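Colleague: Next come the chains, spelled out residue by residue.
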Amino acid sequence: MAFISSGYNPDKPMENRITDIGPRKYDEFYPEVIKKNKGKWSHHEILEPGVLVHVAESGDEIYTVRVGGARLMSTTHINEICEIADKHCDGHLRFTTRNNIEFMVDSKDKVEPLKNDLKSRKFAGGSFKFPIGGTGAGVTNIVHTQGWIHCHTPATDASGTVKATMDELFADFQDQRLPAQLRVSMACCLNMCGAVHCSDIAILGYHRKPPMIDHEYLDKLCEIPLAVSACPTAAIKPAKVTLEDGTEVKSVDVKNERCMFCGNCYTMCPSLPLADTEGDGIVLMAGGKVSNRISDPKFSKVVVAFLPNEMPRWPSMTDAIHKMVNAYSNGANKYERLGDWADRIGWEKFFEVCELDFTHHLIDDFRQQAYMSWRQSTQFKF
Amino acid sequence: MATVEMNGTSFEVDEDGFLLDYKSFTNDWVEYVRQQEGIDELNDEHWKVVNVLQDYYEKNGIAPMVRVLSKLTKYKLKHIYELFPSGPGKGACKMAGLPKPTGCV
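First to last, the protein sequences are chains A and B. Heads up, the first sequence is in UniProt numbering, so the first residue is 1 and it goes up one at a time. Heads up, the second sequence is in UniProt numbering, so the first residue is 1 and it goes up one at a time.
It should be emphasised that the hints constitute simulated quantities derived from the structure, not laboratory data. Bear in mind that the values here come from a model prediction, so they are computed numbers and not experimental data. Even for Gly, the Cβ is constructed at its ideal location relative to N, Cα and C. Where hints are given, some of them may not hold.
Derived contacts from chain A toward chain B, CB cut-off under 7 Å, selection only [what the hints assert, rightly or not]:
1. 14
2. 220
3. 224
4. 226
Here are some chain B residues the structure puts well away from chain A; computed CB gaps all over 10 Å [stated by the list, open to error]:
5. 34
6. 52
7. 75
One chain only, chain B, in its complex shape:
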């Protein structure tokens, strides 16, 4: 498995750039994903999505469904795509350090 480095912290990632262990999440990881995903600047809205995802994952052991994420953050799917161009799965979940989405994707 590959290792990437950001501001002196190294992270173990898979071939799609998802964090291998949720527990190794730090703010440096967010900065690393920001650069990978081509997001210019992180604002409060990005952080709100990341925090909601992490709270939900810690509480329930799964990533929320898209409708649940929309309801919890009050952001429509279109706005989530404006924040994370790769979308809630490949963009937001990766930034929040959640496991890679599975199934027929």
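Excised from the complex, chain A in its bound form:
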């Protein structure tokens, strides 16, 4: 395509350069009712899954319809979201911290037409464009990462696993039958971008093979001390290597029995790639939360050590998640998050009711604090 200039002059890059202006201020985009009643809300109610009403001290009401979003979306899709907002909400809308979309209207009689419009929209393949839900004690959107769409360190895909999981849990997105809200998150490597370390159920990409070392290019492309210090288990040490043509180059040596395949060294050094078709897969974690409602925030714990990448629908992953959600909804008391429930019944019972295998991989062996995760008590159930 022919080049079309925006007015930027590459010969004088610093001329007319605007910088440090920050984001637009949020209140420029407030709907009228929000602007008028900011800081003066009296109470709110969930009318049905996906529909909320907030009542202000003045008596003003705002109805919010929350719909799921795929997070990764085209401008065509965003234009359609804008078209809906123009039609029903005076051009206003917002995105939530879990990447759902919220349309807000100021009176009750505007809710039904908006809902009917949203429900009527589907992609050619049949998926709902704007499924209503994600409120209360259900499953809302999955916080996820880039995967094979864009990142260079993933061990699994993000959008694919998330679509497969959300299809499995779709009934719970549109319902509020669970004991408490269930947050599912996904990260495609253990950098854990997002919320996997603090979610009720977490999907995590995982490698099982040590990095390959490209001796020829390593010293040219990498700052060797950074690769050495990137390793949490000190499996990497600097080394001199003789190449096939006889030249001696600086490189690194990886002690494979100390390597736990975190991939940090690849992040720092492009000559240490470790992605592998059969080796890579998924770890499931469970029991984390961020709120301090009743119990303190918790980290999620590893409950399934490895599941293979099964593109494009990841059946064994969705099956394990399904088993956990089922056991949780049957077993937990009202208001109990998944982690609270597992702590109450004991993790040995958690594995029993979820029908998950307990393997030696789940026993913490990382440094001193691993000791604290072992059972120093005679309190256990057979």
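Got chain A; can you put chain B on it based on the hints?
Modeller: Chain B alone, transformed into the frame defined by chain A:
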């Protein structure tokens, strides 16, 4: 990998325009990066940053942290940005022939 040419010398570079091999650095490379980065004229201050980066890299095998670079050159970060509009990583390290910065950048 792409090859670029400056004053008759050719350099192997990656897709971001970083030199593939530190050892192939010459003054022609500095001239090439100067044009790429939109720097009008190289002065002593540019050269001081480049020299400090190269000395540090040869001695330690890594690029210095920004605070270390500031301390060694006595230039505040703001001034480094005035010298190299793309910043110490994409601008100065590229000009000095150092490897491309890695990590979550």
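Colleague: Now look at each hint and say whether the structure bears it out.
Modeller: Hint check results:
Taken as an interface hint, residue 14 of chain A checks out: its beta carbon lies about 6 Å from the nearest beta carbon of chain B, inside 7 Å. Using the Cβ-Cβ criterion of 7 Å, the hint placing residue 220 of chain A at the interface with chain B is satisfied: the shortest such distance is roughly 5 Å. A cut of 7 Å between beta carbons decides the hint on residue 224 of chain A: the least distance to chain B is about 5 Å, and the hint holds. Against a cut-off of 7 Å between C-beta atoms, the interface hint on residue 226 of chain A holds, since the closest Cβ of chain B lies about 6 Å away.
In this structure residue 34 of chain B is separated from chain A by more than 10 Å, as the shortest Cβ-Cβ distance comes to about 12 Å. No Cβ of chain A approaches the Cβ of residue 52 of chain B within 10 Å, the least distance being about 16 Å, so the stated non-interface status holds. For residue 75 of chain B, the requirement that its beta carbon stay farther than 10 Å from each beta carbon of chain A is met, with the minimum near 18 Å.
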